[in-house]
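Protein chains: 2
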Amino acid sequence: MAQLARRPFPEAEYQDRLRETQHRMEERGLDVLLVTDPANMYYLSGYDAYSFYVPQILIVTPDQQQPVWVGREQDLTCAVETTWLDRENIVLYSDDYVDSELHPMQLVADMVTDWGEASKTIGVEMDAYYLSARAYHELRNALPDATLEDTTKLVNEVRMVKSDREVEYHRQAARISERAMEVGIETIEPGVRECDAAAAVHEALYAGTEETGGEYPAIPPLMPSGEGTGSPHLTWTADEYERGEPVILELAGVVNRYHSPLTRTIFLGEPPEEARRASNVIVNGLDAALEAVEPGVTCEEVEMAWREEIAGTMVEKESRIGYSTGIGYPPSWVEKTASIRPGDETVLQPNMVFHMIPGVWFDDYGIEISESFLVTEDGAEVLADIPRELIVKE
Amino acid sequence: MAQLARRPFPEAEYQDRLRETQHRMEERGLDVLLVTDPANMYYLSGYDAYSFYVPQILIVTPDQQQPVWVGREQDLTCAVETTWLDRENIVLYSDDYVDSELHPMQLVADMVTDWGEASKTIGVEMDAYYLSARAYHELRNALPDATLEDTTKLVNEVRMVKSDREVEYHRQAARISERAMEVGIETIEPGVRECDAAAAVHEALYAGTEETGGEYPAIPPLMPSGEGTGSPHLTWTADEYERGEPVILELAGVVNRYHSPLTRTIFLGEPPEEARRASNVIVNGLDAALEAVEPGVTCEEVEMAWREEIAGTMVEKESRIGYSTGIGYPPSWVEKTASIRPGDETVLQPNMVFHMIPGVWFDDYGIEISESFLVTEDGAEVLADIPRELIVKE
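Note that the protein sequences, when read in sequence, are chains A and B.
Per this note's numbering, residue 2 is the first one in the first sequence, and the count goes up by one each step.
Per this note's numbering, residue 2 is the first one in the second sequence, and the count goes up by one each step.
The set of hints was computed from the structure by calculation and includes no laboratory data.
Just so it is clear, the structure is predicted and the values come from calculations on it, not from any experiment.
In this text, a Cβ means the ideal position worked out from N, Cα and C, and glycines have one as well.
Check before you lean on any hint, since a few could be wrong.
[What the hints assert, rightly or not] Computed spacing ranges between beta-carbons, pair by pair:
#1 E28(A) <-> S101(B): 20 to 28 Å
#2 D151(A) <-> A312(B): 48 to 56 Å
#3 E243(B) <-> P388(A): 37 to 45 Å
#4 N142(A) <-> E211(B): 53 to 61 Å
#5 R8(B) <-> F363(A): 20 to 28 Å
#6 M112(A) <-> E187(B): 42 to 50 Å
#7 V284(A) <-> E241(B): 40 to 48 Å
#8 S101(B) <-> E271(A): 35 to 43 Å
Generate the whole structure from the sequences, applying the supplied hints.
Written out as C-alpha cells, the structure is:
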C-alpha cells in the first residue's frame with residue numbers, strides 16, 4: 002500500500018509555528034484561540050483534506066505542546082495521517098452533528114469549560130471562511146461569560162514570512178505554473194472549445210513536474226475570453242475561441258498547498274493598437290514596482306512605483322495591485338494580510354511572497370499580466386519565467 | 002468575440018423561482034431575505050463567477066420583480082452577463098471594502114434602511130458558506146432594530162424539486178461522470194503516479210462530451226489509495242500506485258453547476274476475500290435502497306431498506322448514506338436539506354436528485370460505491386451507467 006507520508010515539514014517547524022502563535026496570543030492576552038480557516042489549520046497542524054465543508058476547529062492554548070483538532074468521525078484517518086498531533090489531541094464528533102440541530106461548536110465550548118477557560122478571553126476568526134454566523138452564535142451561547150475577540154488575521158500574520166522550506170515549495174509550484182501556462186498558450190486557438198483548453202491546462206497543473214505532482218488550486222484557472230475578459234472571475238464555457246479575441250489565463254501551480262499564481266493575456270490574431278499600448282504600460286508598471294521591492298520598503302511604496310510609472314498613460318490607477326499569498330484552500334489563495342495598495346504600510350521582509358496583478362479594462366475587453374515574487378535581500382525574485390508581455394498568436 | 006450566453010434558463014424559470022421564494026418568505030413573515038450561499042444566489046439570479054471569496058449578497062423582498070445583487074465593482078461584467086437582472090438591480094462596492102475595516106454589509110444595511118425596512122424582519126443564512134460571523138455582526142450593528150431570522154435552508158428547500166430543464170443538466174453531467182470514471186479506471190495502474198491519474202480524470206471532467214463542456218466541481222475528485230482509502234476526503238499524492246491496493250474514486254461531472262456525483266472502488270490486483278464480500282453487501286444494500294425509492298416514500302424509509310438488506314452482514318450501519326444534491330460551488334455539492342438517514346421524514350417527490358454513498362471501512366482500507374439518482378413516478382432513475390461493483394484490475 003502507498004505510504005501516507007503527507008507531512009511536508011518536520012515536527013520542529015510545526016512547533017516553531019505554534020510557539021510564534023502562542024507568543025502573539027500572550028501579547029494580546031488570549032487564553033484560547035479557535036482556528037477555523039483551513040489554511041491556518043494546515044499551517045499549525047498539517048491537517049490536509051477536502052473536509053472543510055463541515056465544521057472543523059483547531060484549539061490553541063498558550064502553554065500546550067500541541068494544538069487540539071476537532072473534526073468529524075469519518076475524517077479520523079485524515080487527521081492521524083496528515084497532522085503531527087498525538088491521537089489524544091484529535092477529538093471527533095459523530096454524523097449526528099452534520100447538517101443538524103446539534104453543532105460541533107457546542108463540543109468545543111464543553112471542552113473549553115472543562116479546561117476552566119469558560120470565562121476567559123477567546124480568540125475567534127470572525128471573518129474567516131468556514132466559520133459561519135451560526136457557529137459563532139453556538140459558541141457565544143454556550144460560553145456566555147467568555148470574552149470573544151476577533152483574531153481573523155492572527156495566524157495569517159504569522160504565515161507571512163516563509164521558511165526556506167516553504168519558499169522551496171513556492172519555487173516548485175512556479176515550475177508547474179510555467180508548464181500549465183505554456184500548455185495554455187499552446188492550446189488556446191481559434192476553433193478550440195474553451196473547455197478543451199481548460200482540460201489541457203488542468204492536465205498540466207496536476208501532472209506537475211517529474212519532481213513534484215500538482216494539487217488542486219484554491220481557485221480554478223480563470224480563463225475569460227472576448228468580452229468576458231472584462232470579468233476577471235469567469236472560468237470557461239463550451240464555446241469555441243474566435244480569431245480576434247483576447248483570452249486571459251490566470252492560474253496557480255500548487256505544491257504542498259503553496260500557490261504561485263501567474264497571469265498572461267493571449268490575443269488570437271493581431272491585437273488593436275490600444276491593446277498593445279496598454280500591455281506595454283502594464284509591463285512597464287510591473288517592472289517598476291518589482292524594481293522598488295526590497296526589505297524595509299512598504300507595500301504602499303511599491304504601489305507608488307507602479308502609479309508613478311503609469312502616470313499620464315491610458316491606464317487608470319488601480320486601488321490594489323497585489324497581495325501576499327501562500328497556503329490556499331478554496332475559495333482563495335489570498336493571505337488577507339498585506340495588500341499592495343495606498344495606505345498599506347506593511348514593511349517588506351525577506352521570504353515574503355506576493356502576487357502582483359494589475360489589469361486594465363476597456364469597454365469590451367480587459368488585459369491582465371501578473372507575477373508572483375519572493376522578497377529577498379537583493380530585491381524581488383520573480384518566481385515564474387514566462388515572457389512578461391502580451392502573448393500574440395497569429 | 003465569443004458570445005457571453007451563460008444563462009442556462011429562460012427568464013420565466015428564474016421568475017418562477019423568485020415567486021416561490023417570495024411565497025415562502027410571506028409564509029414566514031419575512032420582509033427581506035439576504036442570500037449569500039453562492040448556490041442559492043446562482044439559482045435565483047444566475048450569477049456565476051469565482052468571486053465568492055469576497056462578500057456578495059442577493060437581496061430579495063416579497064413584492065419586487067427582480068432581486069438586487071450586491072458585489073464588487075470589478076465583477077460588474079460577470080453580473081451583467083450571467084444574471085437576468087437589470088443594471089439598476091446590480092449594486093457595486095469599491096475595493097476599499099475588500100479585506101478592510103469597511104464591510105459591504107454596511108452598504109446592504111443602508112439600502113435596507115433607505116427602503117424603510119430597518120426595523121422589519123430580515124432573513125439571514127446563518128449557516129451558509131461565505132456568510133462570516135463578521136458579516137453577520139456588521140449587519141446586526143447597522144440594523145439594531147431589525148429582527149434577524151435564520152433562513153439557512155429557505156432557498157435550499159425551493160431548490161430540492163428540479164425542473165425538467167435542471168434534470169436534463171443532471172443527465173448531461175452524468176454523461177461526463179461516466180466518461181471521467183472510465184478514464185480513471187483505465188488510468189489507475191500500478192506504477193502510475195496518483196497525480197498523473199488525477200490529471201487524466203480532470204482532463205475528462207472538463208473536456209466533457211461533444212454536447213456539453215465540463216465545469217469545475219464543488220469538490221475535486223477524491224481519490225485516496227491504499228491505507229488512505231480509510232480517509233474519504235483525501236485527494237491525491239505524487240506517489241505511484243502499488244499492486245495490491247484499493248483506490249477510491251469519487252467525482253462529479255458538472256453542467257451549468259448541476260452535479261451528478263459517482264463513486265467506485267478499484268482494486269489493483271486480486272482483492273482480499275473480505276473486500277469482495279463487503280462490496281457485494283454494499284451493492285445489494287444500494288440495490289435495495291434504490292428499489293425502495295418512489296414518490297411518497299420518506300428518506301428514512303429508503304435508509305431502512307438499506308439497513309434491512311445489510312442486517313447480519315459484516316457491514317455496520319451508517320448513520321447517513323446519502324443526501325440531496327444539485328447546484329454546487331466549493332466547498333460542497335450537498336444541498337443541506339434531506340439526508341437519507343434515520344429520522345429524516347422528507348417525502349420523496351418526482352424530480353428530486355440524491356447522491357447515495359454508503360461505504361465500509363476496515364482497519365487499513367475502505368470501500369465506497371455510490372450512485373446519483375433521480376426520483377421519478379416509476380421509482381429511482383440511476384443517472385450514470387457504470388457497472389455497480391468492485392472494479393478489479395488484474
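For each hint, the structure was consulted:
The hint said 20 to 28 Å for the Cβ distance between E28(A) and S101(B), and at roughly 23 Å that hint holds. The supplied range of 48 to 56 Å is met by D151(A) and A312(B), whose beta-carbon atoms lie about 50 Å from each other. Roughly 41 Å separates the CB atoms of E243(B) and P388(A), a value that falls within the hinted 37 to 45 Å. In this structure the supplied range 53 to 61 Å holds for N142(A) paired with E211(B), their Cβ-Cβ distance being about 54 Å.
Hint check: R8(B) to F363(A), Cβ distance near 24 Å, so the stated range 20 to 28 Å holds. M112(A) and E187(B) have their C-beta atoms about 47 Å apart, which keeps the hinted 42 to 50 Å range intact. Against the hinted window of 40 to 48 Å, the Cβ-Cβ separation of V284(A) and E241(B) comes to about 42 Å, which satisfies the hint. Checked against the hint of 35 to 43 Å, the C-beta distance between S101(B) and E271(A) comes to roughly 41 Å, which is consistent with it.
Of the numbered hints listed earlier, not one is contradicted by the structure.
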